[in-house]
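Q: Sequence:
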Amino acid sequence: FGQHIANEAFNWAHCDYGTKNKKLLQRHKCNVLQCGHCVYKTNFESYLKRHLLKHKELKCATCDYKTNNKSYFKRHLLKHTDPKHFKCVHCDYGTNSKRNLKGHLLKHTDSEDFKCSYCNYQTNKKYYFKLHL
1 FGQHIANEAF
11 NWAHCDYGTK
21 NKKLLQRHKC
31 NVLQCGHCVY
41 KTNFESYLKR
51 HLLKHKELKC
61 ATCDYKTNNK
71 SYFKRHLLKH
81 TDPKHFKCVH
91 CDYGTNSKRN
101 LKGHLLKHTD
111 SEDFKCSYCN
121 YQTNKKYYFK
131 LHL
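Its first residue numbered 1, the sequence shown is counted upward by one per residue in my numbering.
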């Protein structure tokens, strides 16, 4: 039983490397697949395929938006195609993002949650208040 396994050759499909020791083959596989555009290396073909998508520029056919990120691109396309699912009850504003609607609704309130103690600056957005300081 053991002698047949010992005589078996293990070959790596991505080069001409071969060995009778399976552990040596595993070690050889490490970082063998390299991206042709940068220094990225991996031993998993699926990881390399996913990485290569980062080098592919995705361009919107409707406007001049460009990105290398597939999920950002899909989210951007919603701006041109889907109806606005989240609508403001105070005006005609509509968006596909619940978060954006929440931010927009603050414009309709009289609440100024953040007031500068050095001047008369006020805002209802913490981010802008921090920028002001």
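Keep in mind that the hints were calculated from the coordinates and are not lab data. Honestly, I wouldn't trust all of these hints.
Stated by the list, open to error - Dumping the calculated SDA-like pairs for lysine to any residue here, alpha-carbon to alpha-carbon at most 25 Å: (1) K74 - H90; (2) K70 - C38; (3) K49 - T67; (4) K102 - H90.
Stated by the list, open to error - The calculated label-pair distances, taken between Cβ atoms and stated as ranges, are: (5) V32 - D113: 51 to 57 Å; (6) K20 - K98: 55 to 61 Å; (7) Y65 - K23: 53 to 59 Å; (8) D113 - E45: 36 to 42 Å; (9) G103 - R50: 50 to 56 Å; (10) D64 - A9: 51 to 57 Å; (11) T109 - V32: 31 to 37 Å; (12) L106 - Y72: 20 to 26 Å; (13) K70 - L105: 37 to 43 Å; (14) G103 - K66: 20 to 26 Å; (15) K125 - P83: 26 to 32 Å.
Even for Gly, the Cβ is constructed at its ideal location relative to N, Cα and C.
Q: Would you pick out the hints that fail for this structure and give their numbers low to high?
A: Violated hints (numbers, rising): 1, 7, 8, 9, 11 and 13; every other hint is consistent with the structure.
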